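The sequence shown begins at 0 in numbering that gives the first Met the number 0 and counts up by one.
What the hints contain is simulated information worked out from the structure, not anything from laboratory work. Source: prediction; values computed, not measured. Incorrect hints may have been included.
Said to hold, decoys possible - List of simulated lysine-lysine pairs, DSSO-like, C-alpha gap at most 27 Å:
| # | residue 1 | residue 2 |
| --- | --- | --- |
| 1 | Lys524 | Lys591 |
| 2 | Lys534 | Lys440 |
| 3 | Lys696 | Lys722 |
To be verified - Pair ranges (Cβ atoms, derived):
| # | residue 1 | residue 2 | range |
| --- | --- | --- | --- |
| 4 | Ser232 | Arg201 | 55 to 65 Å |
| 5 | Gln309 | Lys555 | 20 to 30 Å |
| 6 | Ser190 | Arg565 | 19 to 29 Å |
| 7 | Arg595 | Lys693 | 18 to 28 Å |
| 8 | Glu183 | Ala423 | 48 to 58 Å |
Glycine is no exception: its CB is placed at the ideal position from the N, C-alpha and C atoms.
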Amino acid sequence: MSMNIASPSPCSSSSSFPSALRWLSPLPLPPSPSTSTASSEPARPFSLRAQPTATDLSLPSDKKTNDDQTLLSLLRQRKTEQAWTLYSQSPHLPTPTCLSRLVAQLSYQATPQSLARARTIITRLRNERQLHRLDANSLGLLASASAKSGHTLYASSLIKSMLRSGYLPHVKAWSAVVSRLSTESPSESISLFDSVTRRVRRFADPSIVADSKPDTAAYNAVLNACANLGDKSKFLKLFDEMHEWGCEPDVLTYNVMIKLCARADRKDLLVFVLERIIERGIRFCMTTLHSLVAAYVGFDDLETAEKIVQAMREGRNDLCKILRDANLEDLKQAKEDDDYGDYDLEDEKEEDMEDLSKKKMDDVVFEKLLPNLIEPSSEPHLLPKVYAPNSRIYTTLMKGYMKAGRVTDTVRTLEAMRHQDDKASHPDHVTYTTVVSAFVKAGLMDRAREVLAEMTRIRVPANRITYNILLKGYCQQLQIDKAKELLREMADDAGINPDVVSYNILIDGCILIDDSAGALVFFNKMREQGITPTKISYTTLMKAFALSGQPKLANKVFDEMLRDPRVIVDLVAWNMLVEGYCRLGLVEEAKKVIQRMKENEFYPNVATYGSLVNGIAVARKPGEALLLWKEIKERCAMKEEGENSYSDSPPPLKPDEGLLDSLADICLRAAFFKKALEIVACMEENGIPPNKTKYKKIYVEMHSRMFTSKHASQARQDRRIEKKRAAEAFKFWLGLPNSYYGSEWEYEPPQR
């Protein structure tokens, strides 16, 4: 795409960009209450201007002027590479015009290298407190390009920086960031949207902020964030706000509403969304039908999804009738289930009441979003025209088959797509990749390779995702040699370089065959090829060393992970380190790691404690189990006492069956009967059924002869009184003969 740039005036950089790029303009801050309205001097976007740096003052003015003119000339000729070279070699900062144009053109290129260069300019200006030299155009373009290239958090911080500095970015810039955040970090997306709109509302004159106020696309982005979170109330609030800004919901708005219904587990509302689109006369598109099929596939209702696709193939436009009939079938089935399962249990009643209460709250929200829900039309609506299913819809249905393990139906759908007259319905690389996934999931690697060969034959190029799926299939079947061979084919024959996901799969495959050395080879090879390891790469390699009994090597990998500024260490990495030491029974080393965790504000979770319990069992140090149970008990009690309100206290803990069962096992074997009773009581409080059969067997095998010695001294017998009482209580809980009941009991039939 060419970039037609007219010659700018020496004093302005914004006029030098085409209309498509002239998104942003620095806006004055709204007047404060103390500012006189009669003042004619416009407010500036920055109240403070940093002084020129020492390098600026130490250079001859002629030299600076010549460099700036040369740089501006290169930028006008769109010689961005030469302009960057001149900038990087110059010891002084160029003029604001040159800087803004350079950042804008680097952002417009949108390559990893150009965006990295633009970020270095931003970093330099920020360090020298000269960020005000850039105009809003360049900052907005960089934010938008960064978001689209995957640097979403950086883009978000750039928009926030603009707001703090008095600039209002163009809606195309900030909405692009909101859109990317809606899937990566929905909460952050909503927060950024609120920050921008809150700032826009501060201006009394709408014309000043006309380019920054939210449009329908911006609302669709933030509504998508709400749908991803399942936040129905916030969705309704934002939906109602659209009219305030002169925005009207479009078909994409209702597509997002379909996702919200799916997140809210309200399959019955999907037909009302479709009918609402038709009622309002909104321009229809295939994306809506795809969203419906995807929603029913997500509900595991493949029967209705099939009916939709079949109706589209037959050229029918009565999809609303099909969906209404499906709702009636669901209601009928639910009634039959209630009749067959007429339980009178309190737990069932409580769950039913909770579900009913939740549904009523949802109804209040959805009745406002969908007025036709209150008074539906007597007859189902018809689609404005007939739509034939495209490859995307077919592929979505095939993914449902794959998820359900219906390989035959997956292949049958592929064959049907091949014989369609409409080219839009022919299978593409995504379709074939779905078939490959189905075969891999079923363990049919030979069939999966046949599909790959067919893709090559019919010139439908496989992509990296296709090869990664095959790599994972070979690794899961412990065929690492074939995985290595496929890796070579991928690079040499297909010309597709493996990425970090490819190597992570291979490293994990080495773990499955207990080959920690092979895992290290793949890790080093990945770095040699310039591929940056991710958090998963480090933790997977740590897992390889931990499972092979090499915790010191796992610790070295962990230390390198800490030094890598591109990776954020999380609780999974800490837990893997703890697991490595606990597998060898090195409890003290594991406790030191846990202490480091706490110092770094990472608190142990159930997985951490589970590894430590296993380490205690291996080391045969039951006394450590008592200390650990004390900590776990305190964490469990926090939920009831509300101690988690303090930020410096660990969060409450909800133990699982594995953790408590292992602790009870250790305490019972060590004859800590009182603690064992506490643990089984905790299990019952958390709805976990204790394994009485197992505990009874342990007691009989290990402690049935306890306290039976006739030669124990009186002093020793006195010391064991408390322990004996705990043992009797535990026997009572197990149902074994104990001092609470007679030790002998026989069943006598009633006398006739």
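Outcome of the hint check:
no. : hint                           : in the structure
1   : Lys524 with Lys591             : violated (32 Å)
2   : Lys534 with Lys440             : holds (26 Å)
3   : Lys696 with Lys722             : holds (20 Å)
4   : Ser232 with Arg201: 55 to 65 Å : violated (25 Å)
5   : Gln309 with Lys555: 20 to 30 Å : violated (58 Å)
6   : Ser190 with Arg565: 19 to 29 Å : holds (24 Å)
7   : Arg595 with Lys693: 18 to 28 Å : violated (35 Å)
8   : Glu183 with Ala423: 48 to 58 Å : violated (30 Å)
Comparing the model with each earlier hint shows violations of hints 1, 4, 5, 7, 8; every other hint is respected.
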